[in-house]
Amino acid sequence: MYVLKRLFQMIPVALVIIVMNFFLLKAAPGDMADVIAGEAGAATPEFMAALRGQFGIDQPLPVQFGHYLRKIASLNLGWSFRANESVMHLIWGRLPATALLVVSALLVALVIGTSLGAWAALTRRRWVEPVVSLFTTIGFATPLFWVGLMLIVLFSVKLGWLPTGGLSDITIDLQGPAHWLDAARHLVLPGACLSLYYLAVYARLMRASVLEVDRLDFVRTATAKGLSRWRVVLRHIVPNAMLSIVTMTGLQFGALLAGSITIETVFAWPGLGQLALYAVTSRDVNLLLGILLFSSFFVMLVNLLTDLLYSRLDPRIGELGGRA
Amino acid sequence: MTHQIPHAAEFPVRSRRQFLEAGAAIGLGASLLSHASWAADSSPVKGGTLVANVLPEPAGLVAGINISQPAVVISASIFDGLVRYDKDFKPQPQLAESWSESKDGKTITFKLRRGVKWHDGHPFTSADVQYSLLEVVKKVHPRGSSTFGRVTAVETPDEHTVVLRLDGPSVVLWSALFGTETQIVPKHLYAGTNVMANPWNTKPVGTGAFVFKEWVRGSHVVLERNPNYWDSGKPLLDRVVFKFIPDAGARAAALESGELHYAVTNPVPESDVERLRRNPALVVDTKGWEAPAPMFFIDFNMQRPQFQDVRIRRAFAHALDRKALADNIWYGLAKPAEGPVPSYQKQFFKPGLPQYAFDPAQAEKLFDEAGLKRGADGVRLRINHMVSPYGPVYQRAAEYTRQALGKVGVELTLVNFDLPTWIRKMYTDYDFDTAQGWYSAYPDPQIGVERRYWSQNIRKGSVSSNAARYSSTEMDRIIQGIHDEADVNKRRELIGQMQQLAQVDVPSINLLELNFYAIYSKRLQGLREGPLRFYSTLADAWLAPPAA
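Line order of the protein sequences matches chains A and R.
Letter 15 of the first sequence, counting from 1, is numbered 15 in my numbering, and no numbers are missing.
Letter 393 of the second sequence, counting from 1, is numbered 393 in my numbering, and no numbers are missing.
Isolated chain A, as found in the complex:
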């Protein structure tokens, strides 16, 4: 019931998103006909008018919006005139690459970040904390595109260990395990680069969170009962400290998609981020609207999942959150 209610609540939000996206994008000066004419190096007004007629962007704005709403209602995201393909098809085609990149970066960031953070908070060795702090500050403050280029310079140009970009080696046909190994090699640099920032975020958050939980009464009680330090850490401190990490992960998912635009550009990774950039620079409004709508639904869905997971970790929240 709770899930259904939450899903229902998403409808007005989605509507607001659709309206805002549509009119904001249409407010940008220049349209796809301008782009095509600019690339062609010449165009007559007649040619431009013919293009606009074909794209349906010569109609009054409310009419265009009506068309768009009708299409959305029938779950059709429309046609990309620029790519000559359906928007849905383009998005589904790009989704796996972005999912692979974002999910692997997220997992790496979560595992390493939380471990580092917990280690920094709990260790009694004095050097650990400043070292982790320094590392996370660098990860937090360095622009991703620069890190990406430096990784390419070191590992591809100087050492020649890893490819500079792309999803796989397109010059040869690989099958089976060789194909997967090749894909993994291509994933290493962009994955590491994207995870760096989030790793830093999680490490800092986890450290603060663990320090805070460590001081709470139930930890003292558990220690007083005679549990070993390890057991206290793994059973009591870490699960409770993870609450803030889960919240953060949910909230950051949208940002992670945005971060992947930079990474996808630097590493020529054929994902949604690059598709969005392509849509912006070519003023392919249908395509961009589709991507934005798709991503916002995705983020809303992730938020819902976060809330559900949250109530599993701490049942009190679920009860307060109105399961009634």
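Think of the hints as simulated: they come from the structure by calculation, not from any bench.
Since we're looking at a predicted model, the values are computed, not measured.
Some clues are possibly wrong.
Claimed, not checked - DSBU-like, lysine-lysine: derived pairs with alpha carbons at most 30 angstroms apart:
| id | chain 1 | residue 1 | chain 2 | residue 2 |
| --- | --- | --- | --- | --- |
| 1 | R | K460 | A | K26 |
| 2 | A | K225 | A | K158 |
| 3 | R | K117 | R | K46 |
| 4 | R | K90 | R | K138 |
| 5 | R | K203 | R | K117 |
| 6 | R | K203 | A | K71 |
| 7 | R | K203 | R | K234 |
| 8 | R | K425 | R | K138 |
| 9 | R | K490 | R | K346 |
| 10 | R | K346 | R | K90 |
| 11 | A | K158 | R | K522 |
| 12 | R | K87 | R | K106 |
| 13 | R | K522 | R | K234 |
| 14 | R | K139 | A | K26 |
| 15 | A | K26 | R | K425 |
Place chain R on chain A using the hints.
Only chain R this time, still in chain A's reference frame:
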């Protein structure tokens, strides 16, 4: 953010001799020469995959329909044209084996090559040519209606003969017949469809050396050897993969690591070229842009009252040091322009045109004479200046312009837009005071140069035309003469007059002849020579084995 999306066919140049001189000047002559001799020693190798880059990802792969630079680069290997051009821009047989022109210039007859097949097995015939000229080139191509304006009918007396009927002689036609400008598409796949939205635009069927295999959106396009190519023994390569690498830094890295063999149309910023030149595995090539011929200039918005006095426009021209612009901003990859036609187009360029030497004192004097005196704060004029969105070098050029004009009391506010906004502001809204940009001059000034000066080109929404809105009855008379004149010498005379008047009136300051560049692996051999080097088929290209 985006890199060059140069106007479709926008390109530059230098003669081979100049190129060698330039190379020697920076201590590179030796490596170039050794490269040349090494190439001569080795014999062509069959097979192999060429990894190339184009930027950005094009909208379609049929250049005659979705014309943009990356589409042209890919399309040239999939489609052959009626003719190709040799080094002197003389037409040579490709799909047409021979041709003849009637004395009055009103009939042109092409004899087509026999036995040519489309990639899907259909025979190539005169009907394909007829359809392509009338329904595609004349209707869909942004320059086609003008270059083929005099063509009234296309007849097909038999399957291998095409007759063009004209209502008057048209010299310009002969500069536009190459394969990516006048593209021949398969009639059996296009007739009766909406040409612009035809699905075959993204999975092209051509007659050329390579067959389209796949296009993975956002990643790459793969072409494979055409086993039935009419030019037997060609092509030499098995496959060509065109990747889309959106980041300039990553492109440079891919060239340096050897993953990428071939990157054309200014693949890295001008500031990186010198570093890549020092890489012994790479060639930096500025040849082969004589036909596109990119020219860089500043347009005045002639509707603004302050620019109606020619002394003010000339003062601007005197305030700019074109040599400094070429050497420092373009790192030597440009040369001061003497007029609107590039100096290497010897058949049209008129030497001895009026020039505006770098002379700030003269500029100040002209401003004062025109009544534009410095105010109490030292500023005599405040205007906005639109920066060309085609890459970082144009941003720096605009910054230089602001500095140089600041010294003579003109304060420029630089305005930056992305490409679509810039196009709209410049050619539809005419919303600027001054603007920098570049156009291709093309092999005939009637295609690329007159558009900047002809009053009939002042039409809202006509892109890359007379954005200055310069209107002169004298200029219009000369341009009409260029269109109508069939005598090549008299026509050249008129083209000279156009250049003279353009320099006297300066509605637009001609700044630089740009040298575009390609960077590729030394292993790559057999690129076509001529004024369209990188817009030619890769039929003869081959990859030497990696150096031991």
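For each hint, the structure was consulted:
Proximity of K460/R to K26/A is assessed by CA-CA distance (about 20 angstroms); at most 30 angstroms being required, the pair is judged to hold. Taking the CA atoms of K225/A and K158/A, the gap is about 57 angstroms. The hint is violated against a cut of 30 angstroms. Annotation: proposed proximity of K117/R to K46/R holds, straight-line Cα distance about 23 angstroms (limit 30 angstroms). Distance hint between K90/R and K138/R is fulfilled; the C-alpha atoms sit about 23 angstroms from each other, no more than 30 angstroms.
A threshold of 30 angstroms between alpha carbons decides the hint, and for K203/R with K117/R the separation of about 17 angstroms falls inside it, so the pair holds. Distance check on the hinted pair: K203/R and K71/A sit about 27 angstroms apart at the alpha-carbon level, within 30 angstroms; holds. Taking the CA atoms of K203/R and K234/R, the gap is about 22 angstroms. The hint holds against a cut of 30 angstroms. As the CA atoms of K425/R and K138/R are separated by approximately 27 angstroms, the hinted pair is consistent with the 30 angstroms bound.
Note on K490/R and K346/R: the hinted pairing holds, with a Cα-Cα distance of about 16 angstroms set against a maximum of 30 angstroms. Annotation: proposed proximity of K346/R to K90/R holds, straight-line Cα distance about 14 angstroms (limit 30 angstroms). Straight-line distance between C-alpha atoms of K158/A and K522/R comes to about 19 angstroms, which keeps the hinted pair within the 30 angstroms bound. Annotation: proposed proximity of K87/R to K106/R holds, straight-line Cα distance about 27 angstroms (limit 30 angstroms).
Note on K522/R and K234/R: the hinted pairing holds, with a Cα-Cα distance of about 21 angstroms set against a maximum of 30 angstroms. Distance check on the hinted pair: K139/R and K26/A sit about 28 angstroms apart at the alpha-carbon level, within 30 angstroms; holds. Of the supplied pair hints, the one linking K26/A and K425/R holds, its CA atoms being roughly 16 angstroms apart against a limit of 30 angstroms.
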